[in-house]
Amino acid sequence: MLDFIIKRLLQVILVVFLALTAVFFLIRLSGDPTALFLPPDAPREQIEEYRELLGFNRPMHEQYTDFMANAVQGDFGQSLRSQEDALQLVIDRLPATFQLAITALILSLVIAIPLGVLSAYKRNSIFDRIGVGITVLGQAVPNFWLGLILIFFFAAQLKILPTGGGGTWVHLILPTITLATYSIARFTRFTRSSMLDILRKDYIRTAKASGVPTIPLVSRYALKNSLIPIITLVALDLGTLLGGAVITEVVFAWPGIGRLLMQSLMNRDFPIVLAAVFIIALIYAIINFIADILYAYVNPQIRVK
Amino acid sequence: MSANLEKALHNKPAVEVKNKKESRVYNYFANLFRSWTGTLGFIIIIGLLFISIFGPWITPHDPLYADFSKKLLPPMTDGHLLGTDQLGRDILSRMIVGARVSVIIGVLTVVIAGTFGTIVGIISGYFRGWIDVVLMRIVDVQLSFPFILLVLVINAIIGGGLRNIIISLAIGGWVIFARMIRSEVLALREKEFITACVATGVSRFEILFRHILPNLFTPLIILASLQIGTFIIAEASVSFLGFGVQPPEPAWGNMLNEGKDYIFSSWWLITFPGIAIIIAALGVNLFGDWLRDTLDPELKGD
Amino acid sequence: MSEKILEINDLRVQFKNGKEKIQPIRGVNFHINKGETLGIVGESGCGKSVTSLAIMGLLPDKTSEIASGNILFNNQNLSKLTEKQFRKLRGNDISMIFQEPMTSLNPVFTIGDQLKEPLKRHKKMSKSQARKEIISMLQQVGLPRAEQIIDEYPHQLSGGMRQRVMISLALLCKPQLIIADEPTTALDVTIQAQILDLLKKLKGESDMSLMLITHDLGVVAEMCNRVVVMYAGEVVEEAEVNELFDSPKHPYTKGLMQSLPSNNDRKSKLYSIKGQVPRPSEITVGCAFANRCPHVFDRCLNETPPSFNLGNHISKCWLQDSPYKEVSHNETKGTAIR
Amino acid sequence: MKQKVLLSVKNLKKYYEIPQGLFKEKITVKAVDDINFTIKKGETFALVGESGCGKSTTGRTILKLTEPTDGKIIFDGNDISTLPYKQMRTLRNRMQMVFQDPYASLNPKKTVREILIEPLRVHKKFDNVTRLEKVKSILEIVGLSEYHLDRYPHEFSGGQRQRIGIARAVILQPDFIIADEPVSALDVSVQSQVINLMLELQREFELTYLFISHDLSVIQHMTDRVAVMYLGKIVEIAKTEDLFTNPKHPYTKALLSAVPITHPKEKKERIILKGDVPSPANPPSGCTFHPRCSFALDICKKQAPITTEYSNSHSVNCHLYTEFKEETTHAINHS
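Residue numbers (the UniProt record's numbering), protein chains in the order written: chain A, 1 to 305; chain B, 1 to 302; chain C, 1 to 338; chain D, 1 to 335.
Pulled out of the complex, with its shape left as it was, chain A reads as follows:
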């Protein structure tokens, strides 16, 4: 187990390191951001001065090693706009994003797993048709559009919920639904298909042959088996959830990392972009790491060796 954890930690470090490297060079190759901060007719000296100040005049590899050396210590520089510490800005937004992502995750699991199980067990029944319908439709609806439509109905027409902003639980309702819809569709699909797969297995027949009734058969036996693939797929899909969170945050003006990242991209405020990339890659890597441990927990073939 220790062996496994060390291996995974090394992998996390490698992933974050490569992600930062890639984005760093992409940014530097796309042009010099100094021009953005000065009027178009700024004298040459002023530009030079600014470049000097920000270090953009030095050779690329030096800038890179400097950046990495600082990044290792948690220093991603200051926001080019507000001169605040970039990493701190991102970290300040973290709780809001977590709040949104976690409520959406819980909501989608709570709906999707029972629906998927029912859909698989009562195959071709009305439940199954509803389940499959949600799956197919949910995957075709872009979540930003769903957000707009929800705003239109609940905020513009019915005026019962706020259009956006953060702070209270009321603000959380529409963004959560928006973000969860796609995940509900995906997770229902995973659950259904892995359940269908498990229900065909020989050992389910064995359990039936020893007289286990339907409900424990599905809820205890088959579900535990199908959790193994479900956990893997859900973990893989959390990236999509995080990505969706960014868009949802923009639609609802939710004060999370996603909105900050978007604004920084618009403003070409690259220290913040890099800090945000760092945090997102790190979070995602940690989620996958946790999923792996969970996976090992439910799968005795890995646990007991």
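Any given hint could turn out to be false.
Mimicking DSSO-like on lysine-lysine, the simulated pairs with C-alpha atoms at most 30 Å apart in a straight line are [stated by the list, open to error]:
1) Lys-200(C) <-> Lys-268(D)
2) Lys-30(D) <-> Lys-40(D)
3) Lys-191(B) <-> Lys-109(D)
Quick caveat, the hints were computed from the structure, so don't treat them as lab data.
Take the given structure of chain A and dock chains B, C and D to it, following the hints.
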């Protein structure tokens, strides 16, 4: 022995065998029309293709012509079936032209990302060794970053426009193909019929081209059809956020971006382009699901 | 006359696949007496496994159905039972041993978790009682370290050990009938010998009946009292085991026996049945074996042969027509069985 | 009469390494561990044993479908154990293989015509017209016909597919064929057809077979000499009749006695082996069979036995026949 017996003892003779190719195409269609979801997907795809090819000739109005006297007209007024936008442009016409953008982006991205991903997947899976380790590390790193965010960051950095959004989507999307093709190749390599080729003395090159590649076609076509939907939605999302396809060129995503400011007054600005995206994505996904169920019975029920 | 524990009359099972309908079981008749071991022999696709699933009520409910006929277990008609009534029977009065010990045990539960199910359901035993019972059963089937194995997972056991676990699962509630579907096919020959030895020993200790499904005539010779030979969804021959091996009547049974390498001279050309087993969709009028039969004549192609009773030996072949008389199903019950 | 040796295998080893993570040492699985045998031209040599004994690995290693870890494979006088892929390719028209699984060993996307022409094309034999003639005639020989040419493997039954697999192996008219469990996936009534076909082909093309199987009755029927394998080692080699009438190694005896009887009246003394085959990743010390052997001596736990010639065509790897040759053989035979 009676004639009857003769017949019973011998296998059916070789009738029908000649028309095999034709009957196979026929079979696919017969099979398609048996599934209403597949049929629906197929019809939507044909419709989309038709609109995107003949779009400029079938628009009721000039999609770029702005008439401020006619701004924000609700649907069914003044010859504007779906109304006009904030600049007085005809929404239906803009949607028709926008369809072409979506189709071009969906198809081209799949072709580029699919080709690149397939090549990487084959190299990685067939030749293994250090090159596999390096390539798969890259794939892992990329997969550890949410797809849509990656596309967004790349597009924001390299700039908007049709060409750049395709590049961004392809950079974001190739890993799925690479990973799937690699695992497919790895599985094929272990198949006994490949071992049989080695035992026959077939060269490695020929094994790859004559035996492995033809078996990759089915999974590739299934994945590609399902990915088109993902790419169409991703493009709309990026354009909606103000990157991607830039106005005034109409795309469903940027129409929604422009329309969102009028959400309290003019619901039609955000409604119709959104429905168009849903229909397109739905059509491609339904067809893709049907393809998978038909071509790959192993995955049925997924 | 011994008591019948199971009786199957003119059983037909239908599978639906879209519009296609096939009948893998086309009128099967046989019975099992109390305490005996009945062998069901046939090649893949002959319907022997479908028959066993029909007895257990484990046919897939949406795609298949019992089209006609009945299954009587202790004179109770199983095909009329509700799912709930059936559940009380399964694992309690009738239990089953499956072919694949590697896939028939659930990988994410311990052996103990899986074995306690029937005890909990049928015998309402407490946990500690059930545990004791399971350990003693595991010891009875010859598993070493039973106290440890009960808390282990299937993947920690070898194929032979898993099959012993399956057998103990089947035996836990002391059922009256055990159906063993190819219990040794997936095992190596030395392990097969161990398992057959175990089954014989367990059989000798109680008066349960055993229905042993196999394709291996050797296993039949070792284990069975009476044998039913199936081909293409029908019973083609039924006889007491010595009788069957001494004088097989149906050309299919004869062919099977003659084609065994041990019944041919070394290096000689083996006797072989030409052609192959027909798919259920290929069966038309007449005898299903006609296109492979060396004795085929016109009548075989046009009329389906009835089951001829030759004094405790039933053969479904026109060759047995006169001088013996044809038996209908009703008569079969009366005369064919002692 | 001294027959020419076609293949001889000397000290062949095939080890697999299974990595156990960063800090633990790799486990070495000795799938094939130092085996020796020779096959003469025209004979059928059998490898028999239970699953995991290494018989299939041996077959695949001889054909270099996996690289041997060590040892020599001498085919027709040349050591092929170190030949690279490309040189090996040209030799493959003389040595072919028939696989166990008729479903997995044919490419599902190729027609029978493509499958059968491929070997001829690869080895650049004949022109296109002659190739097709050859394919048609081989189909005839294996009991299929011309109109099967453009069919795909999934349109055939298991027995027919195995015929296609055999046709692919013999179309190049090789000297040597390795048949890895060629009939064990088939139904009884089809099994005998395929065995007959293989015997016919052997007579017609003067083939030499290495026949790998776990089915003792098939081996008894069609092979000339047998090597019995247990946990990667050969424990006994003998002429087929000798082996079946007079087995020497305790494992061979147990194996033969485990075969089910052929008639209910037959009485058979059965040696029931204790326990299961140990894992090849962690084999027992000394003679690997000793924990299950009822004749095990002290030495068996400590020292691996060496090959002892019992008679000129019968050799055994067992301490019973090296240390105390006289008394113990007597004891075993009467136990």
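Hint-by-hint comparison with the structure:
Between Lys-200(C) and Lys-268(D), the direct Cα distance comes to roughly 15 Å. Compliance with the 30 Å bound is thereby established for this hinted pair. Among the hinted pairs, Lys-30(D) with Lys-40(D) is consistent with the structure: their alpha-carbon atoms are about 27 Å apart, no more than 30 Å. Proximity of Lys-191(B) to Lys-109(D) is assessed by CA-CA distance (about 13 Å); at most 30 Å being required, the pair is judged to hold.
Going down the numbered hints, you'll see the structure goes against none, and every one checks out.
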